[in-house]
Amino acid sequence: MSIEVKVPVLPESVSDAVIAKWHKKAGDFVKREENLVDLETDKVVLEVPSPVDGVLSEILMETGASVISQQLIGRITEGAAAAAIQAAPAAKAAPAASEQAPSVRRMAAETGIDPNTVAGTGRDGRVTKEDMLAAQAAPAKPAAPVVAAAPAKAAPAAVSLPAGSRVEERVPMTRLRTRIAERMMQSKNSIAMLTSFNEVNMKAVMDVRKKYAESFEKAHGIKLGFMSFFVKACTEALKLHPIVNASTEGNDIIYHAYHDIGVAVATEKGLVVPVLRNTSTQSLADVERNIGTFAKQAREGGLQLDDLQGGTFTITNGGVFGSLFSTPIVNPPQSAIFGMHAIKDRAIVENGLVIAAPMMYIALSYDHRIIDGKDAVQFLVAVKNFLEDPVRLLLHI
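Residue numbers (the numbering used here): 1 to 397.
Derived by calculation from the structure, the hints in this document are not laboratory data.
Each residue gets a CB set at the ideal place from its N, CA and C atoms; glycine is no exception.
Take these hints with a grain of salt, some might be off.
[Stated by the list, open to error] Label pairs and their calculated CB-CB ranges:
no.	residue 1	residue 2	range
1	L240	P51	49 to 55 Å
2	M184	P51	50 to 56 Å
3	K210	T293	55 to 61 Å
4	Q136	H368	49 to 55 Å
5	M184	K223	28 to 34 Å
6	E4	A134	28 to 34 Å
7	T281	R32	45 to 51 Å
8	D372	R392	38 to 44 Å
9	E34	I254	39 to 45 Å
10	V354	K223	44 to 50 Å
11	T174	V354	48 to 54 Å
12	A257	K210	34 to 40 Å
[Stated by the list, open to error] Quick list of in silico lysine-lysine cross-link-like pairs, BS3-like style, CA-CA up to 30 Å:
no.	residue 1	residue 2
13	K344	K211
14	K269	K24
15	K210	K188
16	K21	K296
17	K269	K210
18	K188	K203
19	K239	K269
20	K239	K210
21	K296	K223
22	K21	K239
23	K188	K374
24	K269	K21
25	K210	K223
26	K203	K218
27	K374	K384
28	K223	K211
29	K203	K239
30	K374	K344
31	K239	K25
32	K374	K25
33	K384	K344
34	K218	K188
35	K374	K223
36	K25	K6
37	K296	K31
38	K31	K21
39	K296	K203
40	K6	K296
Can you make the complete structure from the sequences, with help from the hints?
See the structure below:
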């Protein structure tokens, strides 16, 4: 029986997707729920699992093709027919060089590698660009020992690049990277953006973590990190300054009575911002657990589109990469974004004495069309106060 493989139903905000990678090739056996193909949208990479056990009998849309919701992209054969396909000889003669794609022929001319000597992983055994790159990167095999002396021949001239030459590789932007670029330019061109700064003494938070780290992990099954303190501090500060939690729509300002905070997560394919829902009702443990889940899904490609939509405020942490100072870019239609940075021991004055303290610069970039400097500065001061005296988070004062 033949089963159709289709593009999942895409949300209204996503018109199409691009086939990023097939994890199976035609003729491969697949298991139910095993990922067949990655579809890249402008927001997230979606996995398409196999609906049944069987053999991927046909791939209708190749890598790089643009597809729409519910479009047929492949077929799976299950049951006795699948067993017959598996029993059939799988190996096929590699296509002649004339049948290879232009990029493969070009690489063959440039590298001197004969495509007919390369094992192809493409459809029907075709050699792909990736196969040629792998062959080029593979270490050269040692020459076979000489059995009998043969007439000497002139050695070919050594191939060398001209002095000062540089090797380049040109690749197209991924769908996700293109969308990130569009959003950044939209923010730059449509928002009167300004950034205000403050600094926080992190000693109190660090003392709490040190004192309760072990008991917290035993009670909740997750480690107590810094991010949960910042999410809760920002949530309480947003309650005090609701304009910072607002968004814009045309000439209207929309005030949100809830707090859905996006937390920026870096992945190999680019930045994604999954959203923590109703953070005012979440405990520190809830926040840590949800952030951990999102980070794992982001790395493994398990985020859903709904996870990335509808945030009212965003937190980004450049400090994990060593950033000391930055001006984060607002994610429209939100009106503000909060930036965390690296913790560094710095000299401060406390009770008239100069001491070393673990300090962090914090930043708030905001849409100056609707947020005045006073609101932005007072928001940062509120966050600072909550973090320097974490008991305030429990008492809501």
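Status of each hint after checking the structure:
| no. | hint | verdict |
| --- | --- | --- |
| 1 | L240 to P51: 49 to 55 Å | holds, 50 Å |
| 2 | M184 to P51: 50 to 56 Å | violated, 38 Å |
| 3 | K210 to T293: 55 to 61 Å | violated, 25 Å |
| 4 | Q136 to H368: 49 to 55 Å | holds, 52 Å |
| 5 | M184 to K223: 28 to 34 Å | holds, 32 Å |
| 6 | E4 to A134: 28 to 34 Å | holds, 32 Å |
| 7 | T281 to R32: 45 to 51 Å | violated, 37 Å |
| 8 | D372 to R392: 38 to 44 Å | violated, 24 Å |
| 9 | E34 to I254: 39 to 45 Å | holds, 43 Å |
| 10 | V354 to K223: 44 to 50 Å | violated, 33 Å |
| 11 | T174 to V354: 48 to 54 Å | holds, 50 Å |
| 12 | A257 to K210: 34 to 40 Å | holds, 36 Å |
| 13 | K344 to K211 | holds, 21 Å |
| 14 | K269 to K24 | holds, 21 Å |
| 15 | K210 to K188 | violated, 41 Å |
| 16 | K21 to K296 | holds, 20 Å |
| 17 | K269 to K210 | violated, 34 Å |
| 18 | K188 to K203 | violated, 36 Å |
| 19 | K239 to K269 | violated, 34 Å |
| 20 | K239 to K210 | holds, 29 Å |
| 21 | K296 to K223 | holds, 15 Å |
| 22 | K21 to K239 | violated, 44 Å |
| 23 | K188 to K374 | holds, 22 Å |
| 24 | K269 to K21 | holds, 13 Å |
| 25 | K210 to K223 | holds, 11 Å |
| 26 | K203 to K218 | holds, 23 Å |
| 27 | K374 to K384 | holds, 15 Å |
| 28 | K223 to K211 | holds, 13 Å |
| 29 | K203 to K239 | holds, 25 Å |
| 30 | K374 to K344 | holds, 27 Å |
| 31 | K239 to K25 | violated, 53 Å |
| 32 | K374 to K25 | violated, 59 Å |
| 33 | K384 to K344 | holds, 16 Å |
| 34 | K218 to K188 | violated, 45 Å |
| 35 | K374 to K223 | violated, 36 Å |
| 36 | K25 to K6 | holds, 16 Å |
| 37 | K296 to K31 | holds, 23 Å |
| 38 | K31 to K21 | holds, 18 Å |
| 39 | K296 to K203 | holds, 29 Å |
| 40 | K6 to K296 | holds, 26 Å |
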